[in-house]
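Participant: Residues per chain are reported as follows:
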Amino acid sequence: MALLEIRGVGKTFRTLRALDGVDIDVMAGTFHGLIGPNGSGKSTLLKAIAGAHVADSGTIVFEGRDITRATPYERARAGLSLKFQITAVLPELSVYDNVLLAMQSAETLPRLLFSLSRRALDGEVTGLLERFRLIDRADDLAGELSHGQQQWLEIAMALALRPKLLLLDEPTGGMSPEERRVTGELLEPIKAHCALIIVEHDLHFIRDICDRLTVLDQGKVLDQGDVEAIQRSPKVQQVFTTRV
Amino acid sequence: MAEPTGTRVRSGSRVPRRVLPYVEGAALVLAVIVPVVLGDRTDLVTLATNVLILSFLAISFDLCWGLSGIMSFGQALFFGVAGYVIALVGRDLEFSEIWGTLPLAMLAGLVLAGLFAAFLLLGRKPPTTIFVALGTLTGSYAAERLVSGWQYVGAGNGLSSIKLLKIGDYEFVEGTAFYFLALSLLVLIYAGARFLKRSQLGLVLAGMRQNEERLAFFGYRVQLFKAVVFSLAGLVAGLGGALYSYHQGFIGPGNMGPGLSTTAVLYCLLGGSGTLIGPVFGAVTVEVLSYVLSDLDALKPIWPVILGLILLAVVMFQPKGILGLVVSDRERIGSYGRRRKER
Numbered sequence: 009m010a011l012l013e014i015r016g017v018g019k020t021f022r023t024l025r026a027l028d029g030v031d032i033d034v035m036a037g038t039f040h041g042l043i044g045p046n047g048s049g050k051s052t053l054l055k056a057i058a059g060a061h062v063a064d065s066g067t068i069v070f071e072g073r074d075i076t077r078a079t080p081y082e083r084a085r086a087g088l089s090l091k092f093q094i095t096a097v098l099p100e101l102s103v104y105d106n107v108l109l110a111m112q113s114a115e116t117l118p119r120l121l122f123s124l125s126r127r128a129l130d131g132e133v134t135g136l137l138e139r140f141r142l143i144d145r146a147d148d149l150a151g152e153l154s155h156g157q158q159q160w161l162e163i164a165m166a167l168a169l170r171p172k173l174l175l176l177d178e179p180t181g182g183m184s185p186e187e188r189r190v191t192g193e194l195l196e197p198i199k200a201h202c203a204l205i206i207v208e209h210d211l212h213f214i215r216d217i218c219d220r221l222t223v224l225d226q227g228k229v230l231d232q233g234d235v236e237a238i239q240r241s242p243k244v245q246q247v248f249t250t251r252v
Numbered sequence: 017m018a019e020p021t022g023t024r025v026r027s028g029s030r031v032p033r034r035v036l037p038y039v040e041g042a043a044l045v046l047a048v049i050v051p052v053v054l055g056d057r058t059d060l061v062t063l064a065t066n067v068l069i070l071s072f073l074a075i076s077f078d079l080c081w082g083l084s085g086i087m088s089f090g091q092a093l094f095f096g097v098a099g100y101v102i103a104l105v106g107r108d109l110e111f112s113e114i115w116g117t118l119p120l121a122m123l124a125g126l127v128l129a130g131l132f133a134a135f136l137l138l139g140r141k142p143p144t145t146i147f148v149a150l151g152t153l154t155g156s157y158a159a160e161r162l163v164s165g166w167q168y169v170g171a172g173n174g175l176s177s178i179k180l181l182k183i184g185d186y187e188f189v190e191g192t193a194f195y196f197l198a199l200s201l202l203v204l205i206y207a208g209a210r211f212l213k214r215s216q217l218g219l220v221l222a223g224m225r226q227n228e229e230r231l232a233f234f235g236y237r238v239q240l241f242k243a244v245v246f247s248l249a250g251l252v253a254g255l256g257g258a259l260y261s262y263h264q265g266f267i268g269p270g271n272m273g274p275g276l277s278t279t280a281v282l283y284c285l286l287g288g289s290g291t292l293i294g295p296v297f298g299a300v301t302v303e304v305l306s307y308v309l310s311d312l313d314a315l316k317p318i319w320p321v322i323l324g325l326i327l328l329a330v331v332m333f334q335p336k337g338i339l340g341l342v343v344s345d346r347e348r349i350g351s352y353g354r355r356r357k358e359r
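Those protein sequence lines, which keep their order, are chains A and B. Mapping of the first sequence onto this note's numbering: residues 9 to 252, in sequence order. Mapping of the second sequence onto this note's numbering: residues 17 to 359, in sequence order.
These are calculated hints, taken from the structure and not from any lab test. It should be emphasised that the depicted structure is a prediction, and the values quoted were computed from it without experimental measurement. No residue lacks a Cβ here, since even glycine has one placed at the ideal position from N, Cα and C. Certain hints may be false.
[As the list claims (entries may be wrong)] Think about it this way: if two alpha-carbon atoms lie no more than 20 Å apart in a straight line, the pair counts; the simulated EDC-like pairs of lysine to aspartate or glutamate are:
#	chain 1	residue 1	chain 2	residue 2
1	B	Lys141	B	Glu229
2	A	Lys199	A	Glu71
3	A	Lys199	A	Glu100
4	B	Lys141	A	Glu132
5	B	Lys336	A	Glu100
6	B	Lys141	A	Glu82
[Stated by the list, open to error] Chain A is nowhere near these chain B residues, computed Cβ spacing over 10 Å in every case:
#	residue
7	Glu187
8	Gly223
9	Phe233
10	Asp345
11	Ser351
[As the list claims (entries may be wrong)] Short derived list, chain B residues pointing at chain A, Cβ under 8 Å:
#	residue
12	Val45
13	Trp115
14	Leu219
15	Val220
16	Asn227
17	Arg230
Pulled out of the complex, with its shape left as it was, chain A reads as follows (with noise of 0.2 Å):
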């Protein structure tokens, strides 16, 4: 059974169909690509998933459970976690605190307010943050980050969670191409335990890391398999040379 299987999903902003008939399976354990021009509903289908937006039509499943009415708390708490195309670090917060809330919030209000896990998680976040090369600014705030480092951060973040799927829009979006490498290495190791959608335009970083692409034109699956096989598509490369 799939992780996830989204379902003829639709969904229109005021007359523009964003998304129309969208069907996906995603597998545990793979990373999974989206890809398509620009305006093709990559980031509108990732945002239904993870519940910025809600979907008109369709359903999303999730683990077997039907999540497409449900709010982004209870979507983070089923296991999706988001990072968003636009970087939401938390500025006035230190780097080490950002992670801190993200891990700390599967934790009941009564130890949140007697601070019952903050040593148990120095660890991880700690872990976390030596992982994604942040440690020694750990103490600054996250909002004196440079924007390569808060992209860092955001992914650190939403691993924090501990997700079962890991959505990410645009992560190696204003990075340098030595940057975008060393974002995949690290997100391989994630794939053991944590299957992965990503919205990417950097189509050779989207090739080195994905076992499945999906492509997304004017709100409808253009195509979808391997990465070889969308490779050699005919109704991709048309898409891809004549409006890319």
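Following the hints, put chain B in place on chain A, whose structure we already have.
Facilitator: Just chain B, lined up with the frame of chain A:
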């Protein structure tokens, strides 16, 4: 190893030294010696006690706005209702024992604020700041109007000759004993609020103030957290309201209306929101200035205007309040994890 590019930012910046503990310590020492310094000036001890009691209201508002981003323009409602509750218990049940009435006042504030929170904050969609501000303002205004026309609670005249607060046979009258009672309770409430602010829950509140939506995507029930803090703020205001009733021997409609609610906002803005001690300084400043200006013959007719201008100037030119002069943003917001060596 790749070092992300983009705007070069300072690396390894150090956390500024904390000054709030020193300010809090100095304030406590000052508060303890005030009655000693004032000696037999009972009018000034009464003023000082009144300031301490109004500080409960100031802390209550800071819990809402400074810590949680809830703009409440009705915090006096919980203050006033609790004051009425203990006045009625004294009048109708002839009961004013401290062990029963003060917890009752806190419970009244907690429950009433909880009901408001359920209505204003716990809907399916997150409410806007304006909705909550207008909702609390309306509640405060409606309660004031309701009480003004209700004979059972004294209508516009309020309730006077309130039974004195007691422990066994000892009765608290205006003066040093009442001052230290109010100070002890204020220190306890302050310590509790400070504990909350510095806890992991305080980190959630700090995050909520910056980006509520982001926290929902982390899996936090943001509105529930707000409702809990709002209810606790109601408890604090309720305790203050009870002390006010006992100390003044009077409670009236104005003690739950928008006038006093707005004054609590001023305490906070003037002293420095989010610092807890700042709003206490704000209460001291406003009340002492009011007392001094209203006592000067030359200024008697215009002292409210002068006070208003002073407050306006502070809010315009020092928006972080008096404490903003010495407390950094970093310290005001708080730090919850590891800290590098301070400078």
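Participant: Of the hints given before, which are not true for this structure?
Facilitator: 3, 4, 8, 9, 10, 11, 12, 13
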